[in-house]
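Number of protein chains: 6
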Amino acid sequence: MLRLSPLTAHERLVKTDALKMAFAGAESNAAVSLAILGHEAYFVTCLPSNPLGDAAINSLREFGVDTRHILREGKRIGTYYIEYGASIRPTRVIYDRENSAIAQVKPGSLHWEAILQGKDWLNFTGITPALSASCAQECLSAAKTARQLGVKVSFDLNYRRTLWSPVEARNVITQLLPYINVLFANAGSANDVFGIETGQPHSWSAHLNSTRQAAQALADLAHFDLIALTVRDHLSASDNGWAGMLYDKNTFFESRQYQFELVERLGGGDSFMAGVLHGLGSGWEHPRTIEFATAASALKHTIPGDLNLLTEAEIAEVAGGDLSGKVKR
Amino acid sequence: MLRLSPLTAHERLVKTDALKMAFAGAESNAAVSLAILGHEAYFVTCLPSNPLGDAAINSLREFGVDTRHILREGKRIGTYYIEYGASIRPTRVIYDRENSAIAQVKPGSLHWEAILQGKDWLNFTGITPALSASCAQECLSAAKTARQLGVKVSFDLNYRRTLWSPVEARNVITQLLPYINVLFANAGSANDVFGIETGQPHSWSAHLNSTRQAAQALADLAHFDLIALTVRDHLSASDNGWAGMLYDKNTFFESRQYQFELVERLGGGDSFMAGVLHGLGSGWEHPRTIEFATAASALKHTIPGDLNLLTEAEIAEVAGGDLSGKVKR
Amino acid sequence: MLRLSPLTAHERLVKTDALKMAFAGAESNAAVSLAILGHEAYFVTCLPSNPLGDAAINSLREFGVDTRHILREGKRIGTYYIEYGASIRPTRVIYDRENSAIAQVKPGSLHWEAILQGKDWLNFTGITPALSASCAQECLSAAKTARQLGVKVSFDLNYRRTLWSPVEARNVITQLLPYINVLFANAGSANDVFGIETGQPHSWSAHLNSTRQAAQALADLAHFDLIALTVRDHLSASDNGWAGMLYDKNTFFESRQYQFELVERLGGGDSFMAGVLHGLGSGWEHPRTIEFATAASALKHTIPGDLNLLTEAEIAEVAGGDLSGKVKR
Amino acid sequence: MLRLSPLTAHERLVKTDALKMAFAGAESNAAVSLAILGHEAYFVTCLPSNPLGDAAINSLREFGVDTRHILREGKRIGTYYIEYGASIRPTRVIYDRENSAIAQVKPGSLHWEAILQGKDWLNFTGITPALSASCAQECLSAAKTARQLGVKVSFDLNYRRTLWSPVEARNVITQLLPYINVLFANAGSANDVFGIETGQPHSWSAHLNSTRQAAQALADLAHFDLIALTVRDHLSASDNGWAGMLYDKNTFFESRQYQFELVERLGGGDSFMAGVLHGLGSGWEHPRTIEFATAASALKHTIPGDLNLLTEAEIAEVAGGDLSGKVKR
Amino acid sequence: MLRLSPLTAHERLVKTDALKMAFAGAESNAAVSLAILGHEAYFVTCLPSNPLGDAAINSLREFGVDTRHILREGKRIGTYYIEYGASIRPTRVIYDRENSAIAQVKPGSLHWEAILQGKDWLNFTGITPALSASCAQECLSAAKTARQLGVKVSFDLNYRRTLWSPVEARNVITQLLPYINVLFANAGSANDVFGIETGQPHSWSAHLNSTRQAAQALADLAHFDLIALTVRDHLSASDNGWAGMLYDKNTFFESRQYQFELVERLGGGDSFMAGVLHGLGSGWEHPRTIEFATAASALKHTIPGDLNLLTEAEIAEVAGGDLSGKVKR
Amino acid sequence: MLRLSPLTAHERLVKTDALKMAFAGAESNAAVSLAILGHEAYFVTCLPSNPLGDAAINSLREFGVDTRHILREGKRIGTYYIEYGASIRPTRVIYDRENSAIAQVKPGSLHWEAILQGKDWLNFTGITPALSASCAQECLSAAKTARQLGVKVSFDLNYRRTLWSPVEARNVITQLLPYINVLFANAGSANDVFGIETGQPHSWSAHLNSTRQAAQALADLAHFDLIALTVRDHLSASDNGWAGMLYDKNTFFESRQYQFELVERLGGGDSFMAGVLHGLGSGWEHPRTIEFATAASALKHTIPGDLNLLTEAEIAEVAGGDLSGKVKR
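For the record, the sequence lines run as chains A, B, C, D, E and F. Using the numbering used here, the letters of the first sequence correspond one by one to residues 1 to 329. Using the numbering used here, the letters of the second sequence correspond one by one to residues 330 to 658. Using the numbering used here, the letters of the third sequence correspond one by one to residues 659 to 987. Using the numbering used here, the letters of the fourth sequence correspond one by one to residues 988 to 1316. Using the numbering used here, the letters of the fifth sequence correspond one by one to residues 1317 to 1645. Using the numbering used here, the letters of the sixth sequence correspond one by one to residues 1646 to 1974.
Be a bit skeptical, because a hint or two may be false.
Unchecked claim - Within a straight-line C-alpha distance of at most 25 Å, the following computed SDA-like cross-link-like pairs (lysine to any residue) qualify: (1) E:K1644 / B:K657; (2) C:K764 / C:R750; (3) A:K75 / B:E427; (4) B:K657 / E:H1326; (5) E:K1642 / B:D562; (6) B:K481 / B:D554.
Unchecked claim - Negatives, chain F to chain D, calculated, CB over 10 Å: (7) R1706; (8) E1707; (9) I1715; (10) R1737; (11) I1739; (12) Q1782; (13) K1797; (14) W1849.
Hints in this document: simulated from the structure, not taken from any laboratory. Since this is a predicted model, take the numbers as computed values, not measurements. Think of the CB as a built atom: it goes at the ideal place given N, C-alpha and C, for glycine as much as any other residue.
Using the sequences plus the hints, can you model the full thing?
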């Protein structure tokens, strides 16, 4: 998607006269992070044949994502506007993505068997099937094809209330669940989509408990290999508590707890997703994976824009416990 | 409409990462110019109830346009992207305005009788009826109501091939013609809409002749009080020849000829429209009106953005022949 | 006033080479906020007939303030420079406002009876009478006229030591007090103008006590309907504690306590003033009014520039207790 | 003076929200150019003790001008706003310099004997005596002291109609003439101050003739060693013809003719002044001096801002005839 | 190379405080253009393992250039600073590229046989062998390997006097000539490297004659398939005349003549090189190739930065004669 | 050195396309601060004769540093890139300073006797002797000459691991120690250079103890008059604890403790150095000196860039205990 936000820090949309232009999206954010971490990452979508579509593709190639499977058709690129909050003022997102090229993708125009042949992993989120019925159909088709080809499937619930109702989400996602190996979620999205209520936590330990309960309830929904969850405590629009958790139906693997001042709120969950996939793809033990993924996503909150531009070495440094922020000369 | 263009001069859309954000449109450009020239100008449209709609309204109020009749409903604001050319490289415009709030306006939701009561003039262009069938219907309804109330009507052909075909344009505009007092056009739009062919002029005098022929042919289409036309010679993307012409079915009133280096290509015709309406509204003789309107629009080409921010005194100075560009201290 | 500040965050004036240009002032800030909150707000001042005066007017019209009563005469617009501090470095303001158009307004040139006829409320602050003897005279004349016409009068002490001495301020303001319905103040301005000493508070509860004492002492000075006060704890140039208080001579109505990181220090008191006037104008109970006004001014500290660009719905959300800063999609 | 201009090219003041901040003035521009050309240049003025005064001084020291004789007192720095024109739209300057520190300088507070002792040259322009009576007195005192000490005196007529009337200018400048060795002027300022009418030239050769007549008429006014004049043909706000001329009462020494596209209109005359003083100070023959000074000022028109940042080698290259603009690698 | 230039148009390096950061180089510019034109383009160099090296690679991948063969070793990236001129002021380039990673490449570390296997074309310029003895050796090795593998070789003389003397250039390039199929040159570089004197042309036809003579003299130096030359007339730093020419030892194929206002001087020759290679690679007739390549490079002069961001369709439009610069909607 | 950093706050180098350009260095930072504090400060180095060298000199003169002793020779200016971190992400510095003009200074080309004659103080840091053998030799020569002339010598250990190994540093610095009057250090640099281990402090009091131990161990190395040390607790990349300490071999003089949010991490130690030298040069008691120097350096962390742009009055205000950050009007 095209992502536009006031160029001046903290400025409101109603007052700005210049916008930062970038491209983002849950799955593409994760693809970029995986490419930077050294993986062969492909991004599949549909974009119009105009300079905005070209620029979107370039923004992915720049970081090494392979864009050869992107369809070029349709009329417009989905667009959203971000107005950054601060302190007690929330960040606001305005979507203008109806009738985007991907939402209007014709069923069958993405050749999943050819795309997934010889690949290891298919990763997507709940945003894509929410865009349109044909998108939902393509997601289902992709997930099924992946399973048939022995390609692992991961999926992040990522509920967006402006795209569909909880009921619609549950109906579509429930069809996807049987094909999913790794499920990404948090206490909020578990509640939004599956009505898993775990209370309104007012302390960090309550947040952790609530997330553990959500994990257990989610685990009953299908035969997942692993559930990966994030825990966010909204101290303010500028300060957050943060942790990550893996649950393999037996054990919880939990990261250290972070508290940080945010430079950027968006893209945090996507970088966590990439971090977990990196650990799994590298054959790491779960404790190492969850520390890495949580450090990756904690660090991501210090970088402007949706993309996690950190290298493995930089993330590993923080995952290893160096949180002093000392100058590296 | 929301108007986005690369913030850095001459940059291509595919390479930029910052956009200038502004709001523009043929009719609103003219309204702003008329407000600056001292008129009570109202702008009527439909905008979504979000910060982008608010910002669009603010951009009009800023220059004194009255926005009380703007409907606030619909989902999105029409958007376009401008990539400025230079020298031999053309300026390119990418539209993303399908399903805009105004295009989806419900017939009858604009109460023309209330809006036009006590006003002197209704001004609109061929872009608005081209947006959708309901827009075309609203335009017709507005024009009819104006006539009934004794409000003068002006209309600029302003043909946009991305919005409708020549045949569609001709069908709709032909229905509007009987209600129009003052028609704005140029040789190109006369040809696009009504197939009035006047050759491919390769000299300035040929351009003038071609425009005069177009004027005469247009005059046969309906009972206009006046036809106002602009003459543009595209020397390059950066240099243009320019003049204005009024035709009252008897006489041609022609301005001096301008040649200028462009700072901005867009909004030139709209500022001419405002200049002519200012002269007519002020009861000036045609020679004074055409010199003023042409000076206004020539000067407009030196100002970034769609809006003509010049005062009457500044325009009159150039209309009076002071083209030296000497510093005013 | 013309407001100039280094374009780059935290830059010092002595090192910058680009300035953000805006227009501000205690009364105009409040007028803009009231216009955004849905009121018919007029701003009355005197501005020179040059592009800077035009731009000042446009900056008010942009947000819906009615500027028809602004006189256009005089030579210059009052100007000030802001250098933003951070953490332990204070924000500094350099004034260049001697001989401004408003300071040199000729007594009697503002026709208060015509201006105030049919209006509900006159609002001004201690800055205006401080500008010059003729300004003081105009303020007194406006306040008297308002009383005669049954227009409510509100006034913020807003003492500026660079404009006048405490003795001068007390003399002039004392003449104004009999006409004032609602007095805005804080412990500091009460002390500056009326020598009401309430100690050097070193805790939040001491700050509250000190403000309550000031309120009581102020209440003895004249027959106010209401005194509205803000409480600010300067934790650093970047962090503040904040609350609001209403005192009707019987009861203190106090808001929740806020602590926030500042994006912008200026305009906080003005947004509180607008928030209180909005509540009073809407006929709200005092507890609702003070929560709203304090939330409005707390939020204002997160927006760059003097203007409070928040809508009623956004303020009400925080006034209702949602301080998490969670992303609104 | 503080110099503020819209940060975005060609933007109007009424629409901009960011200003370029710089410091300039006829005499200080010349001082900077002379310092860059290798001379020991002192600048004498009066500036307020605030960050704006500090920044003005720093802007001079940056290029090697000695600022030790600058008085620090008074309340404000003179300020002006520039709105750049383009093509047929003129550049506009708005002054806000009444009551500046230098205009309010107390007679006698500048110790000219100490300042001029051991120096070679005193250079000033008609802008300074125009600021106030005390400035005029200081100029006269400086010129007299210079003569007594054997310091050469140069003076540029530089008439500004917003500062004084022709009659006032003539009265003051006539008193200065006996002390002046080198007079800088052009046909326009000769006419403005001394009523020397030389026609309205409509061709380049008419411009040259007109300038030669002005030189001869000026030469009759006092015993100058040399008169140095510039010739400007305003083709548009963006294109100018340009030449320089020296007249020693016997012979005209005229430079080659330049035609260039302007990047910046202001500071052209000041760089010419510095170029002539450089040639005279270096003991060059007049033909070499006039080619150098004219090349310097022609090149100046290609540099943003008032300052001529060119080195002697760069100017000499163009003075020597290399006008191709070929890339220097 | 890292390319740094003042962010503000026309600003001098000595005065700027912000730099535009980009990456460029003759061969990489051509590679980017070829990738945009649809070719599989590889770029081979050596870059340090730091964020600047990463950014250089990203800037190539962004436009689809394959960077897999880039060595990551060495200490620094070659850097240059550009100060844009205007009108009569020349553009200046300051190089800081000694000891760059590519200059210090260890002979044999680039495996040319593996790199060139299965490729169609090897393209390089005289800048690369000039960087160091090991670079010269690698160039020779690459050219020889290409010949052995049946890969076509093209080479642009591109003489840089700051890198080597004419004698050094001639010695090294003479060794390369036997392996070259297509030679790129112009009258200037032919003279610089091989002492081919063709006069100081003062008219356009003299420029053409001079270029033709250079082509004929170059043709005698080795068995080239084709010589491709550009003709540039430096009207000023802002305006150039421009044409292209192919010479196959029998016939001259010459493009139409262009005259344009420059937005950017650098990268013009590189875009011509890409245009010719595109035509040759597409099997076009020479007249079509030379019109396309010259249109491509003419258009390139209107785009900021070194890269030619134009698509085949956009170039073909101008190559076909549409030079009006009319807005494309 | 030339200092380049992404223009947009928090942006990564790999993603930026605009750089802030400035000049900095430990010794020049201190010189600028001393000049602003009212001292006659000279800076001695070697810079290339190109616009970057000129700009470096201008950046010093701007604040009143005398640059007459700067040699102009050599090929390049040392360069470094800063990528600002935030919260848990560290700030990173990339050096590109091999073969800089100063590193290649020819021994004997700086005439220390002439330079130091009549001066009070010589100040340098461990960075300069680390640059090259000839730099080390020049430092030794300068220190010896200073001693002979009765000029006081101060030196900051300032260890940079990218420039030399601890062993190399110890060898060179040990030769310098006998000539040093005032040694600047902190626990880290004492450990790096002299292997003085004082533990890994995890509390503020442990930090103080560790620093005191380092001071005592350093005091045994030579006959210093005074050791001045800073204490930094890295709470995060954005928040630091901070204090200063003087040790005269008998007594520790310790400042109040600061905790602040950082705007800029670099230049903190250099501003402390200037603050101490200011106190010593002003003949202040040690308690006043250490409070002033620590306040200076604490405040420095709130200013963008390396330079401490604060005046004595502003520093004294905070040194006196006013940490509220209240607006100064």
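Evaluation of the provided hints:
no. : hint             : result
1   : E:K1644 / B:K657 : violated, 36 Å
2   : C:K764 / C:R750  : violated, 32 Å
3   : A:K75 / B:E427   : holds, 9 Å
4   : B:K657 / E:H1326 : holds, 24 Å
5   : E:K1642 / B:D562 : holds, 10 Å
6   : B:K481 / B:D554  : holds, 10 Å
7   : R1706            : violated, 5 Å
8   : E1707            : violated, 4 Å
9   : I1715            : holds, 12 Å
10  : R1737            : holds, 30 Å
11  : I1739            : holds, 26 Å
12  : Q1782            : holds, 31 Å
13  : K1797            : holds, 26 Å
14  : W1849            : holds, 35 Å
Consistency with the previously given hints fails for numbers 1, 2, 7, 8, ordered from lowest to highest.
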